[in-house]
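S.K.: Sequence order for the protein chains is W, S, G, E, H and U. The first sequence lines up with residues 1 to 316 when you count with full-length UniProt numbering. The second sequence lines up with residues 1 to 316 when you count with full-length UniProt numbering. The third sequence lines up with residues 1 to 316 when you count with full-length UniProt numbering. The fourth sequence lines up with residues 1 to 316 when you count with full-length UniProt numbering. The fifth sequence lines up with residues 1 to 316 when you count with full-length UniProt numbering. The sixth sequence lines up with residues 1 to 316 when you count with full-length UniProt numbering.
These are computed hints drawn from the structure, not numbers from a lab. Treat each hint with caution, since some may be false.
Stated by the list, open to error - Quick partial rundown of chain S residues pointing at chain G, CB under 8 Å, derived from the structure:
| id | residue |
| --- | --- |
| 1 | Pro9 |
| 2 | Glu75 |
| 3 | Glu79 |
| 4 | Glu83 |
| 5 | Leu90 |
Unchecked claim - Sample of chain S residues at the chain U side, in silico, Cβ under 7 Å:
| id | residue |
| --- | --- |
| 6 | Gly11 |
| 7 | Gly99 |
| 8 | Gly176 |
| 9 | Gly180 |
| 10 | Gln196 |
| 11 | Asn199 |
For each residue, glycine too, the CB sits at the ideal point set by N, CA and C.
6 protein chains.
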Amino acid sequence: MTEIRHLRPAGKAIFKDRYTTKAKELLTNWLPRKSAKYGIIGLPLSKSSISYSGAAFAPGAIREALQSYSNYAGEIGIELTDEIIDFGDLEMHPTDTIGNHTRLYEGLSDIYQTKAVNNWFLLGGDHSVSYASIRAFKEQLGSVGIIQFDAHHDLRNMEDGGPTNGTPFRRLLEEGIIDGRDLVQIGIRDFTNAKQYHNYAMEQGVTVYTMATVREIGLNAILEQEIDRLAKCTNHIYLSVDMDVLDQAFAPGCPAIGPGGMDSTTLLNGIHFAAQHESVKAMDIVEIDPTIDIRNMTSRVASYVLLEYMKGKASM
Amino acid sequence: MTEIRHLRPAGKAIFKDRYTTKAKELLTNWLPRKSAKYGIIGLPLSKSSISYSGAAFAPGAIREALQSYSNYAGEIGIELTDEIIDFGDLEMHPTDTIGNHTRLYEGLSDIYQTKAVNNWFLLGGDHSVSYASIRAFKEQLGSVGIIQFDAHHDLRNMEDGGPTNGTPFRRLLEEGIIDGRDLVQIGIRDFTNAKQYHNYAMEQGVTVYTMATVREIGLNAILEQEIDRLAKCTNHIYLSVDMDVLDQAFAPGCPAIGPGGMDSTTLLNGIHFAAQHESVKAMDIVEIDPTIDIRNMTSRVASYVLLEYMKGKASM
Amino acid sequence: MTEIRHLRPAGKAIFKDRYTTKAKELLTNWLPRKSAKYGIIGLPLSKSSISYSGAAFAPGAIREALQSYSNYAGEIGIELTDEIIDFGDLEMHPTDTIGNHTRLYEGLSDIYQTKAVNNWFLLGGDHSVSYASIRAFKEQLGSVGIIQFDAHHDLRNMEDGGPTNGTPFRRLLEEGIIDGRDLVQIGIRDFTNAKQYHNYAMEQGVTVYTMATVREIGLNAILEQEIDRLAKCTNHIYLSVDMDVLDQAFAPGCPAIGPGGMDSTTLLNGIHFAAQHESVKAMDIVEIDPTIDIRNMTSRVASYVLLEYMKGKASM
Amino acid sequence: MTEIRHLRPAGKAIFKDRYTTKAKELLTNWLPRKSAKYGIIGLPLSKSSISYSGAAFAPGAIREALQSYSNYAGEIGIELTDEIIDFGDLEMHPTDTIGNHTRLYEGLSDIYQTKAVNNWFLLGGDHSVSYASIRAFKEQLGSVGIIQFDAHHDLRNMEDGGPTNGTPFRRLLEEGIIDGRDLVQIGIRDFTNAKQYHNYAMEQGVTVYTMATVREIGLNAILEQEIDRLAKCTNHIYLSVDMDVLDQAFAPGCPAIGPGGMDSTTLLNGIHFAAQHESVKAMDIVEIDPTIDIRNMTSRVASYVLLEYMKGKASM
Amino acid sequence: MTEIRHLRPAGKAIFKDRYTTKAKELLTNWLPRKSAKYGIIGLPLSKSSISYSGAAFAPGAIREALQSYSNYAGEIGIELTDEIIDFGDLEMHPTDTIGNHTRLYEGLSDIYQTKAVNNWFLLGGDHSVSYASIRAFKEQLGSVGIIQFDAHHDLRNMEDGGPTNGTPFRRLLEEGIIDGRDLVQIGIRDFTNAKQYHNYAMEQGVTVYTMATVREIGLNAILEQEIDRLAKCTNHIYLSVDMDVLDQAFAPGCPAIGPGGMDSTTLLNGIHFAAQHESVKAMDIVEIDPTIDIRNMTSRVASYVLLEYMKGKASM
Amino acid sequence: MTEIRHLRPAGKAIFKDRYTTKAKELLTNWLPRKSAKYGIIGLPLSKSSISYSGAAFAPGAIREALQSYSNYAGEIGIELTDEIIDFGDLEMHPTDTIGNHTRLYEGLSDIYQTKAVNNWFLLGGDHSVSYASIRAFKEQLGSVGIIQFDAHHDLRNMEDGGPTNGTPFRRLLEEGIIDGRDLVQIGIRDFTNAKQYHNYAMEQGVTVYTMATVREIGLNAILEQEIDRLAKCTNHIYLSVDMDVLDQAFAPGCPAIGPGGMDSTTLLNGIHFAAQHESVKAMDIVEIDPTIDIRNMTSRVASYVLLEYMKGKASM
Ligand SMILES: [Ca+2]
Ligand SMILES: [Ca+2]
Ligand SMILES: [Ca+2]
Ligand SMILES: [Ca+2]
Ligand SMILES: [Ca+2]
Ligand SMILES: [Ca+2]
Ligand SMILES: [Ca+2]
Ligand SMILES: [Ca+2]
Ligand SMILES: [Ca+2]
Ligand SMILES: [Ca+2]
Ligand SMILES: [Ca+2]
Ligand SMILES: [Ca+2]
């Protein structure tokens, strides 16, 4: 496009500072046989949510938020320069909701099988996508321990609503894909779960840290202990970040908001800390509904979650 | 409605997990001679506000927010199962604002007189409703010490605007319904009050804790000391929770928002702590305007305030 | 609740003028064996929409809008006093979208079978609900001619997305539930349909009036001719009102808005006119998404659509 | 402020085209004994509204909207250059709603008594202000015929809610300030009034034109006939413009919106026409709530209503 | 991307009906030496606006709106299948506003010089972009008659604010790029212009049709007469569509909205009519600010304006 | 205006408590030769922003927010009573953006030269205004050390975008107006700056404290050390408060929001602390865009920033 002065492709005529690399510029298109340190896949499924949710729009919103930030982590003096392969999004069917879980499973199986990247970022969608993702991950890449950041257990029974965003970890446990001891839930809050599901978690040997415990012990201390433990009994560690682990003041764009949650600085520090462990290999970010968010604040936090993960890996 | 498949009453065709009890399900209709541990009454008056306020819509919004949360307090392993009698709302006249204070007083006198419940929840409305509520409470149930969470003294003169949301505690003091020593104000902030009203508070012997003091000493330490003191000289303790005690980031739906306030976790812990004292018998929640709130965040905090109170009583 | 002064049930403490009957007051609860002139059923399904839609919230929003209007049609000097049986809403499953069409069909079959009312109002939901409604209506009550107000044909193929809001009339035609000659589409606009679906409509013998034709001939002239024709070859006439037949300025709360549509006065006059024909027995109102509406404008028009229908019947 | 380069008073550093006069620039401050062709007074009372209303903010919003428009009416080739004395706003008490009607009456009595201007513009506020305005107008300036543009009769009984925005014309009739024959209501809609109030209007001899009649006969034909009639039996004609006479698409910022109303071009042409009659001497504009308006659209129409009135007078 | 099941490029995993062509699918990327019937260029400049304007976001919003509509004009039975070359956007400098006019002129000169397309669509930006566009058009392609749809003359003096959105046609006239007789202004409204600029238009021989005239004569009659006249004395006709020619109810997203404007159906019919004349060769669409629009309504109208133009050409 | 009962100037008919002084009441108009302790000047320039910004509206929004707060700092028992001279706003040209920097420089040079006040408050506008302000300040009043609260370095190169909000401190350094050792940047965050600009800061000897450091050491400890250091080598200290130093939860109305920032209580305490040093003589507040703010939260914090500064001076 060199012949015409000042012309840029549609939507690309935006200010460029020659010395600044936007985090979004790290994204590159996927090609067969290409490999890289990081890969990202969009999982735009939210019709499986119990409550009304536009989380299917989150993969786009989070990618867009990466345009707002640079690649430089001044606090540790490191510039992130590794490319992130953007595989794209998995296509969802308008009415076959249950089949969409199969589609997610099939697409992610194929993607993980490529072994194209060392670190996998999955952008939901609602939390139901984690079932397909973790199942495919385990089958293709080996056993997996899970650190779930969440206000909720997500261990509901399947009879009442099928595979919703309230059931992913129940399904993984019931189908024997993971063992209860391989699941750590951090940030569980009062009045966000039924007693029976707490009991179920206990019966299954799930490790649960409430927000009160996080405040008392500190997130990084919890992470240190649990990651060490999980790393000994599983091949990989998978972080599942339900953004509603944050207080509503810090993540106003989640469907199930409430007070008493984590602040975003704590979460970001925790992700930075966790990613420094070599076993940590994948992370999903779920439950952001951009249609109800305020100034994309929650997607902005999500983009920081990605960057802190990469900062952690760059710090190793 | 058993003959017709899938039919539910209008508005009730919503997802139900068989193991989950929503906090709102604890509400039951009032009937003469019925009694329970908790009772709730809506006081939808806000035309008495100095600034434009839709706080009259708050009783509905807070009840609705109870639908978003469960009855299980995992941090202490307790399920809340005591019913809450919902007395309903007191009817307000469109133009007779001053008469509405009388209506509140009359209705609440009748309600308190039933002695139907052990713990009274009053949902404002603006803060002017506390005058009627506390006066009726004292006349029907005995003397009362007050813990007021608020950025403001609410001790304005009556001459300039009549019985507004700026005057409830002035009226109570001037009419001898309470004594200054029986009033504790917590969370008072800079630049939210006139010097003369601070001086008035001092002259009356009101105990005042500013936000700086709350940050320095801690809310629970303050509550412990003051509840013990009040319990000795009054029959009951009444919590008056003006939600603008919270910072604007945590309670965006109050008419008089500002920075420098309390965070919601601190408030919730404080209510949990206070409610464990047997003298604490009533609580009003005021100054939430759902028409300017963001995603009902402030009503959501209010519903948690109720739940933390009940958690406190359940912990006794 | 006579013992306590000023007390009203929660949410009912609202101003009441003794001489004014709100349209919403005409709604009464359904009971087995009860019968009336009108009946209303909520069909809260919108996960079947191609685009993101909160049309499942519309039954509640439309009922609520009836509270804003009275029962008096001054232009014809008639007060609407016949009760409307509110059957309630049909319960939808969170993830079994296709099964929800069966649920709608089953519930409506049972309801129509009661023959409890003379005129049936169905509140969607997205337009996919019309398939279940019309199929059940025909099976229970006899053959049916359809007047569809819509910017779109809704004759898409089923292969690409299953039973979405783009397919209800295709399904009815393909399954032989209706014949093409029994379907009249009014308000079809440029650039809102594919050529192939226009061709399909022509092949099936569907009668199509574009907005240009509506402007040229007038809506009532079209209705007079088509209702007379349909009344001769079918037992009943069913109005299917997709609110996106209106211009975006008049119905901002539909998912698929655009310019060049009908104004609301024309539609309201048309409904009034059509309902005066004795064959007209049912009407659905679909494709209102209250979550994106402006001041519930679109639900307000919907409530007027109901009232104009009743005014038509009252004028007979 | 000539010594400091580029300095302007706070809020006045806005672009000024040397050849353009903004309509707002016609406003001048009132001083005792000053006189002019036009005068404007703000009546910021809306706590008297039946429904929640911020109409008290309308005087400011309408004045501000005058800044968006120029003083030149190209269609008749006339520049409006007569000044408009801005008397200011009458101060309302926060809780003494009924006393505020007296305040309006007293303030307006004093203002009308000055006879400072030939044409009076009153900016509400809700419609209850018209009672005080018309009563004071008649007592100070002589008998008055009223053209009321409104979807509603505003003839409710006083017992149920006191002097609300539903009662101004009832009060005027009952207190004998006006006679039913002197009141013309234009734009009355179906389902916006109770039958009993229609009957009351008929009994009192009020002249009522529904929207159907306006569409059939035309607004200007109605105005011509009624203004001529009123001019013969009263000293002055007073226009009372409730903006909800407009369809919700054209006046989204009124509390009581609905479909089927007038379009704004028709209203503006009608005001232009009416103002050309020498008997027309005053106009109030009421029922705009800027807090729920969209881009101040409704206040923008109001500013045009003022300008069309002045254009009418300039055309005489 | 055939190896991985269900994978689509980021943002492209959206529902596709095999028989439907979205209007946006007609857009193709520009390549040197490529030619087509239509071309589109984005001109994202709005810092030149007198009032605060985000019109620079409109090119993206209008392209996106093309995704909401199909390519089939049922009213004339024609499917639009000609491709539209999307040249992209011209890059604007953050602070060199006046230089940006030069950039627009240089880029458009290069683009017009390619003679790559028969019909040019220019997407503003504010109206100041028309100066550069028309100047470059004339220099590269021949003399030009202009049909300007606008509530405003845009003939302000240059001294007070430089080359703003108030001055494009003044600049064109003063620099002799066009002659007054070659400029037709349609839709001018009262109170939107200063008298001096009306006078200037008259002195320059500009033809002006106010909205009153449009309503009286009809838009198509005006267009027929003026296009015939212009076609005789210029080589080409250029349509300049300032969306604020529409009433605020139909185009809520323009910076300078007001009542009394054109409805969108009239404008769309006019564009369809005008485009059928062979002299009409270019069209700009300006003054849409997506940041203040409601549900992209105004960009939706703009996308229809493009489609109606193409429908006109397809009807020739 | 004593003759007419209840009349107040337009917009001034608001509730007044006789004992309460609003902070806004401290503002007084500027007159030549007048002097006071504080002065305030509005700098409404934001067309110089890299991203779309309405920061030009902030001076008005911040002044208005002062109306929400009183003059009494209860925590230190001091009433602020010193007047603040409101010089007004500097007028900006619509299209001559670069010239506007000169206008700011000229206007502020004249204002500083008056030496009318002891403490200068500058209300931006975007951060580009600080260049003109600091340059003029130094030339008129002496050398200056700067404490910049900001998430960003604002040391971008000038070639790519001219004098934007990304360059003010680069310009000051490059033109030798300040030395790198005189600049302290507090609150710099990860992913908000390019590495090259961090390096530039280091090369120039700028002192940088990241948010991690602020959390570790504490803001007041940093301020104490740096103010002491700067006070030794410069005549005055100038605080430059970019509100995006705050976390997005506390300052949602800044153009460049993100997580991980400072909370507002920390900032307010820091300003109070800093202002107690006698060298601190000026403060600008920039980067608030009221058009995207939520309930003016960010302008409310800004008004508190002013009040805390004054509280600091009153505590000396
Ligand atoms: Ca979850
Ligand atoms: Ca969750
Ligand atoms: Ca209070
Ligand atoms: Ca308060
Ligand atoms: Ca449809
Ligand atoms: Ca449709
Ligand atoms: Ca009225
Ligand atoms: Ca009315
Ligand atoms: Ca223009
Ligand atoms: Ca224009
Ligand atoms: Ca900055
Ligand atoms: Ca910054």
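S.K.: Against chain U, run the beta carbon of S/Asn199 and see if the smallest gap drops under 7 Å.
M.R.: With a minimum Cβ separation of about 9 Å from chain U (threshold 7 Å), the hint on S/Asn199 is violated.
S.K.: Interface hint check: S/Glu75, Cβ to nearest Cβ on chain G, cutoff 8 Å. Holds or violated?
M.R.: 28 Å, violated
S.K.: So, S/Gly176 near chain U? Judge it on the closest CB pair being under 7 Å.
M.R.: With a minimum Cβ separation of about 22 Å from chain U (threshold 7 Å), the hint on S/Gly176 is violated.
S.K.: Would the hint on S/Glu79 be counted as holding, given a Cβ-Cβ threshold of 8 Å to chain G?
M.R.: 24 Å, violated
S.K.: For the hint on S/Gly180, does the least C-beta distance to chain U fall short of 7 Å?
M.R.: 17 Å, violated
S.K.: Holds or violated: the hint that S/Gly11 contacts chain U, with Cβ atoms closer than 7 Å.
M.R.: Status violated, d = 30 Å.
S.K.: Would you check whether S/Gln196 satisfies its interface hint, that is, whether its CB is within less than 7 Å of any CB in chain U?
M.R.: Hint on S/Gln196: holds, closest Cβ of chain U at ~4 Å, below 7 Å.
S.K.: Can S/Gly99 be said to touch chain U, with a Cβ gap under 7 Å?
M.R.: 21 Å, violated
S.K.: S/Leu90 was flagged as interface toward chain G. Is the shortest Cβ-Cβ separation under 8 Å?
M.R.: Because about 5 Å separates S/Leu90 from the closest Cβ in chain G, which is inside the 8 Å limit, the hint holds.
S.K.: Using the nearest Cβ pair, does S/Glu83 come within less than 8 Å of chain G?
M.R.: Check failed: Cβ of S/Glu83 comes no nearer than 15 Å to chain G, outside 8 Å.
S.K.: Hey, does the S/Pro9 contact hint survive, CB to chain G under 8 Å?
M.R.: Since chain G brings a Cβ to about 5 Å from S/Pro9, closer than 8 Å, the hint holds.
The structure is inconsistent with the numbered hints 2, 3, 4, 6, 7, 8, 9 and 11, although it conforms to all the rest.
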